[in-house]
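So the protein sequences, as listed, match chains A and B.
For the first sequence, position 68 (counting from the first letter as 1) is numbered 68 according to my numbering, and the numbering increases by one without interruption.
For the second sequence, position 407 (counting from the first letter as 1) is numbered 1407 according to my numbering, and the numbering increases by one without interruption.
Quick caveat, the hints were computed from the structure, so don't treat them as lab data.
By construction, the Cβ of each residue, glycine as well, lies at the ideal position given by its N, Cα and C atoms.
Where hints are given, some of them may not hold.
Once the Cα atoms are required to be at most 20 Å apart in a straight line, the calculated SDA-like pairs of lysine to any residue come out as [as the list claims (entries may be wrong)]:
| # | chain 1 | residue 1 | chain 2 | residue 2 |
| --- | --- | --- | --- | --- |
| 1 | B | 1299 | A | 109 |
| 2 | B | 1299 | A | 100 |
| 3 | A | 98 | B | 1536 |
| 4 | B | 1466 | B | 1536 |
| 5 | B | 1466 | A | 61 |
| 6 | B | 1243 | A | 61 |
| 7 | B | 1243 | A | 63 |
| 8 | B | 1303 | B | 1536 |
| 9 | B | 1303 | A | 72 |
| 10 | A | 65 | B | 1231 |
| 11 | A | 98 | A | 82 |
| 12 | B | 1466 | A | 15 |
| 13 | B | 1340 | B | 1436 |
| 14 | A | 98 | B | 1303 |
| 15 | B | 1299 | A | 111 |
| 16 | A | 65 | B | 1229 |
| 17 | B | 1299 | A | 93 |
| 18 | B | 1303 | A | 65 |
| 19 | B | 1466 | B | 1537 |
| 20 | B | 1243 | A | 93 |
| 21 | B | 1299 | A | 102 |
| 22 | B | 1466 | A | 34 |
| 23 | B | 1466 | A | 31 |
| 24 | B | 1303 | A | 18 |
| 25 | B | 1303 | A | 36 |
| 26 | A | 65 | B | 1436 |
| 27 | B | 1299 | A | 58 |
| 28 | B | 1466 | A | 19 |
| 29 | B | 1299 | A | 89 |
| 30 | B | 1303 | A | 89 |
| 31 | B | 1299 | A | 86 |
Here are some chain B residues pointing at chain A (derived, C-beta under 10 Å) [as the list claims (entries may be wrong)]:
| # | residue |
| --- | --- |
| 32 | 1090 |
| 33 | 1236 |
| 34 | 1276 |
| 35 | 1298 |
| 36 | 1403 |
| 37 | 1541 |
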Amino acid sequence: MSTDTPPTTPPSAADRYIAVQRSDEFAGLRRALRGFIFPMTVAFFLWYALYVILSAYARDFMGTKLVGNINVALVFGLLQFVSTFLIAWLYSRYADRKIDPIADRIREEIGEVKHEDGPRG
Amino acid sequence: MRMDLAVEAGDTTARNLTITLFLVFVAVTLAITIWASRQTKTATDFYAGGRSFSGFQNGMAIGGDYMSAASFLGIAGIIALYGYDGFLYSIGFLVAWLVALLLVAELLRNSGRYTMADVLAFRMRQRPVRTAAAVSTITVSIFYLLAQMVGAGALVALLLGIRPGTTFLGMDADAAKIATIIMVGALMIIYVTVGGMKGTTYVQIVKAFLLMGGATIMTVLVLAKYNFNLSSLLGDAAAASGKGSAFLEPGLRYGVEAASATQTFYNKMDLLSLGIALVLGTAGLPHILIRFYTVPTAKAARKSVLWAIGIIGTFYLLTLALGFGAAALVGGEAITAQDKAGNTAAPQLAERLGIDFLGGDLGGATLLAIIAAVAFATILAVVAGLTLASSSSLAHDFYANVIKNGQTSERQEVRVARISALVIGAVSIALSIFAQNLNVAFLVALAFAVAASGNLPAILYSLFWKRFNTSGAVWAIYGGLLAAVVLVFFSPVVSGAATSMFPDQDWQWFPLSNPGILSIPFGFFCGWLGTVISKERDDDKYAELEVRALTGAGAH
């Protein structure tokens, strides 16, 4: 077993990480991150699933012509592009404003950590 | 009006020009590779390009790594022949990037070093997890490589216009196919062994610009023919297809309504299954994941994905115009006469546009040659990325951390990585020659399914689930991998149908071509089950992983 486990980091570094992880500040960072990425993942996945399911089972609806030869299927598909670009932009803005500042602050508080061995590689 | 690729008069012109342009690309990329080799001194240089790339550069390189011939020629071809359904494919490929952006890229960048397994094995026992990750990385990469290399072999005869009975440099079509496979293999080995990640990245950046440039020019020309009226392009494509408005709706290729209700049910399940695998596969593809290590910070990793989403999304919008343009201006009949799968639709469209806009056969030959050379550049950049990912994993995960138990010098490890690239390249060449006449196009979808079923559960559990452990990681990877491969092996893409890899054999019992709808939940289930039946649990190590992943403290 001993050869299989990575060499343990110096206790001071490990203890520091544990202390940080239990801090309110870090809990706030975790909440800020998960509060955005989890709901957003669920949202875009359902939105995409709806598109695929309609493509499979609601062909008449998808084939409805809107303008000229442009039908619902095409618009729905293009909206998937729009939503992807939009979510990417929203996330980038959110991360810049709400996540990076906390992460930077915590990283500075932790300071330089010497990792001679972990993650091993 | 001659719609056949490179026959008769324009024959030699197109062929010579294609070869000249391709040789220029090869010369430029080899020069870059040699330059990069001088900058490659440490293991970080070799595996991660010294982490010196900017978000924009890495975004372009991700585009170059990701937009394979299956994207460029394949999707344009599916749209040209089946209309709307090709678009469905590209949407899955694009939306998938949100998984990478939101859940994986930054956390992976912060907590890993060179390979996917760095994150998976962070708080686990190294040997079993790294072995599993190496097995999965190499399997996914080889599947993907085979599809690309066999595809390159099949294309060369078409793009160079080598017909049955004619020869080129003394080679008939079959010999040219084998020569191409060997050449593509040799070049990817050189890019990786000599240039490492730095060289490979620049090859991918150059390719991304060429591909975007080529696709943009063609799209503008197609739209110009229709006075930039998308509706009339679509109308023309639908009319030329002979299928009317059905051509603009889903259902001609995927989820086809068959005579029997059971078959219709399977077809629709297959469509959902494909959709899920496409959207969840990307963030588990090893050759994509290692690209996040080439930038200095998590913020730069985020920027690279944003650029990648921009360039990849734009590209898929262009393929929409290319596919419908080919349907309208070249026609399904002329395309299938060249290649039943439609892979030559984009080059044929280039020839047509060249004739109309640049003037005559010479113009046609010129644009055809440019697009053909871009297609080869596309293939080369992708296979180089795949070779790098698998050789990195073989050297860093398997050799250094499993065999040598972490006790090896950087120098030695990089030497093994170079040898691994040579071995993996040689194996891929051999397998591709063996498989050259088999229908292996399904391997791209299978690579996505394996990545989504085995790698993604392991990565997500690692990053977000405190309780996750060695047993869970190993179960997730092997469970998802085996489920996907076994189901496909018994599916109609391998045997039992006219379009199968082995059409004369029949051991098929699984009705879907895409295993994702079962294998992905199964992979997640295995990861959970493997975790809870093992007592191992290291909350302290998870605390370290979580803090490092979220803040970038102690990042390499």
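For which of the previously enumerated hints does the structure constitute a violation, in increasing order of number? The structure breaks hints 3, 5, 8, 9, 11, 18, 20, 24, 26, 27 and 36; every other hint is satisfied.
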